[in-house]
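Enquirer: Below, each chain spelled out in residue letters.
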Amino acid sequence: MKLRKILTTVRDSLLNIIRHPLITLASVTTVTLMLLLMGVFIVVSLNAGNLVKVVAQQPPVEVWCDAKLTAQQQQDISAYLTADSNVLSFTMLTPEENYEQLKASMGEAQAALDNFDYAKLPYVYQVKLQDPDLADQFVAQIKAFPGVTQVDMAESVMQKLTRIINLVNAGTLLAFAILLVISLFIIANMVRISVFSRAEEINIMKYVGATNAYIRWPYILEGTLIGTVGALISSGLVYAIYQWLYQRVVGGQSSSDLGVLAPRNFVLPLSNLAWIFILVNLALGVLIGAAGSAMSVRKYIKV
Amino acid sequence: MIEFDHISMAYSPKAPLALSDLSFRIQDGEFVFVIGQSGSGKSTLVKLLTCEEKPSAGEVYIDGLPLTQLKRRLVPYLRRSIGMVFQDFRLIPTKTVYENVAFAMEILGASHRSISRQVSMVLSTVGLRSRERALPHELSGGEQQRVGIARAMVNNPSILLADEPTGNLDPLNSESIMALLEEINRNGTTVVVCTHDREMVDRMQKRVIEIADGRLLRDATRALYGSGDKYLLDIEPDPDPAASAPTRQPAAEPAPEDGRKPESPRDKLFTSYDYYYKRKRQ
Chain A
1 MKLRKILTTV RDSLLNIIRH PLITLASVTT VTLMLLLMGV FIVVSLNAGN
51 LVKVVAQQPP VEVWCDAKLT AQQQQDISAY LTADSNVLSF TMLTPEENYE
101 QLKASMGEAQ AALDNFDYAK LPYVYQVKLQ DPDLADQFVA QIKAFPGVTQ
151 VDMAESVMQK LTRIINLVNA GTLLAFAILL VISLFIIANM VRISVFSRAE
201 EINIMKYVGA TNAYIRWPYI LEGTLIGTVG ALISSGLVYA IYQWLYQRVV
251 GGQSSSDLGV LAPRNFVLPL SNLAWIFILV NLALGVLIGA AGSAMSVRKY
301 IKV
Chain B
1 MIEFDHISMA YSPKAPLALS DLSFRIQDGE FVFVIGQSGS GKSTLVKLLT
51 CEEKPSAGEV YIDGLPLTQL KRRLVPYLRR SIGMVFQDFR LIPTKTVYEN
101 VAFAMEILGA SHRSISRQVS MVLSTVGLRS RERALPHELS GGEQQRVGIA
151 RAMVNNPSIL LADEPTGNLD PLNSESIMAL LEEINRNGTT VVVCTHDREM
201 VDRMQKRVIE IADGRLLRDA TRALYGSGDK YLLDIEPDPD PAASAPTRQP
251 AAEPAPEDGR KPESPRDKLF TSYDYYYKRK RQ
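Just so you know, the protein sequences line up as chains A and B, in that order. The first sequence stops at residue 303 when you use the working numbering, and every number in between is there. The second sequence stops at residue 282 when you use the working numbering, and every number in between is there.
Among the hints, a few may not be true.
[As the list claims (entries may be wrong)] Restricting the straight-line Cα-Cα distance to at most 25 Å, the calculated cross-link-like pairs of lysine to any residue (SDA-like) are: (1) A:K299 x B:D88; (2) B:K206 x B:Y225; (3) A:K5 x B:R73; (4) A:K53 x A:D131; (5) A:K2 x B:K71; (6) A:K5 x B:E99; (7) B:K47 x A:S197; (8) B:K54 x A:N212.
I should point out that these hints are in silico values taken from the structure, not numbers from a laboratory.
Isolated chain A, as found in the complex (with noise of 0.2 Å):
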């Protein structure tokens, strides 16, 4: 194409917005409104996704050796969580230590473990796993470790997790398709009525030699120009409202006893989420925009 001809669709496409103010107004309101909702749910899914991935790994593996564990044994066990893509971390506790916890969860009754000998408590490794789902298969193969006397898994919470997590990403999905399929018929019908009320200038054109393509782009650029302006506006919305929303649940009160459950360990920092945020609202934005010009464009070009 050549650059006169862009710079007349750029002109034409700028001319379109400009002289249909309300249905412009209109379509960048429905596109904010679009993203908008997409982006609440998007922020949501990925903070649910988070707490459930931080809340899977609170329940740590245990696995249980021997009291007389050989440093051979301990070196190769140590040795294969370490080298186990799917253990997140793990900590190894002597009996000595086991020995210190043990005491300090009695509280005042702890004299009575003053005499205790602690040798006979066992070596105990602590494992977070990185996917609950291959639990089952981690046991399998650290139960083979000569050492290793008992392996305990809080089973029943990992299954109900990993479902939690497989519904939480199909819902993510599924939503999101409905929507973005709502978002472009709704932009679709929008740019069909400012198609519309220029047919007649459309049917001129035809009449005159003008190429589908030249009829097209300016359309389309028109709808991208709004799915990129609707995306900007709903990404600042949706900033602005993440932002309050975390120093309020996040910075304002003093949670160390909340512990484990506390907002700051798994709320994600407005940081980790908003390049990406933006990035796909404005891809969505601009192909919802393009998208729905094109589909309502092409009944009236037919001549």
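With chain A's structure known, arrange chain B on it following the hints.
Expert: Here is chain B on its own, set in the frame of chain A:
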């Protein structure tokens, strides 16, 4: 040259024929009236020429090009060689007179300079140079139709196709529009006017193709409106209308900037195709 070769046309397989075995030829540079009652098939004829419809049987040729074999993508290029004038003018209400004419050149990607020069010239020809900033609703019907003609002429088409151009005009305006069309024809453009304006046809005494119920009723040069032999001045078709028709004068269009020989209308059409195919090959 326009040629209808045994054209039959039905809008749907079960519908009655809108055109039935219609054959005629229009040579380059002719002025032809196509007359007939409403529903006789005049508009169908126009639609076939602009490739809006395809015939059910037969073939339409423009400059030797069979239109049924024309790919849909190439239809715009064909339309650029045909200037269309409509009964209802079909001007874009939000564009000024100048813009209405200029946009027909813009779609071809013409430069600003050549658009401004050519549009001014065409508007002068139709006598509307002074009103180029006016919007269509500020003009009279006759003036609006002049803008329509200016738009049709601005790309220097080889054929001007006018569908009831005086249908919405008073006699005085009609006459000046027809004078304008005659002037355009004198410069070498083939002019085809579909009409049922009896007075106009009688006064101009040009070739008349009359269609009734989709069939060719008569084809006569220098004829009057109305059927029956008594109206005909010259029943025998002109053996070689091209010889009597004026030749196209390239002076009407400005010489190309690089000093090349101006293209003939036929060349122009083929150049469009060449251009298209060259681009496809790249």
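Enquirer: Sort out whether N212 (chain A) lies within 25 Å of K54 (chain B), counting only the CA atoms.
Expert: holds (19 Å)
Enquirer: Check the hint pairing K53 (chain A) with D131 (chain A) against an upper bound of 25 Å on the C-alpha distance.
Expert: holds (8 Å)
Enquirer: Take the C-alpha atoms of K206 (chain B) and Y225 (chain B), compute the straight-line distance between them, and say whether it is at most 25 Å.
Expert: holds (10 Å)
Enquirer: Next pair to validate is K5 (chain A) with R73 (chain B); report whether the Cα-Cα distance is within 25 Å.
Expert: OK: K5 (chain A) and R73 (chain B) at ~18 Å, within 25 Å.
Enquirer: Regarding the pair K299 (chain A) and D88 (chain B), is the alpha-carbon distance no greater than 25 Å?
Expert: With Cα atoms ~23 Å apart, K299 (chain A) and D88 (chain B) stay inside 25 Å; holds.
Enquirer: Is the straight-line distance between the alpha-carbon of K2 (chain A) and that of K71 (chain B) 25 Å or less?
Expert: Since the Cα atoms of K2 (chain A) and K71 (chain B) sit roughly 23 Å apart, the hinted pair holds (cutoff 25 Å).
Enquirer: Hey, K5 (chain A) versus E99 (chain B), does the alpha-carbon distance stay inside 25 Å?
Expert: Cα-Cα ~16 Å, so holds.
Enquirer: Need the status of pair K47 (chain B), S197 (chain A): alpha-carbon distance at most 25 Å?
Expert: Cα-Cα ~24 Å, so holds.
Hint compliance for this structure: every hint is met.
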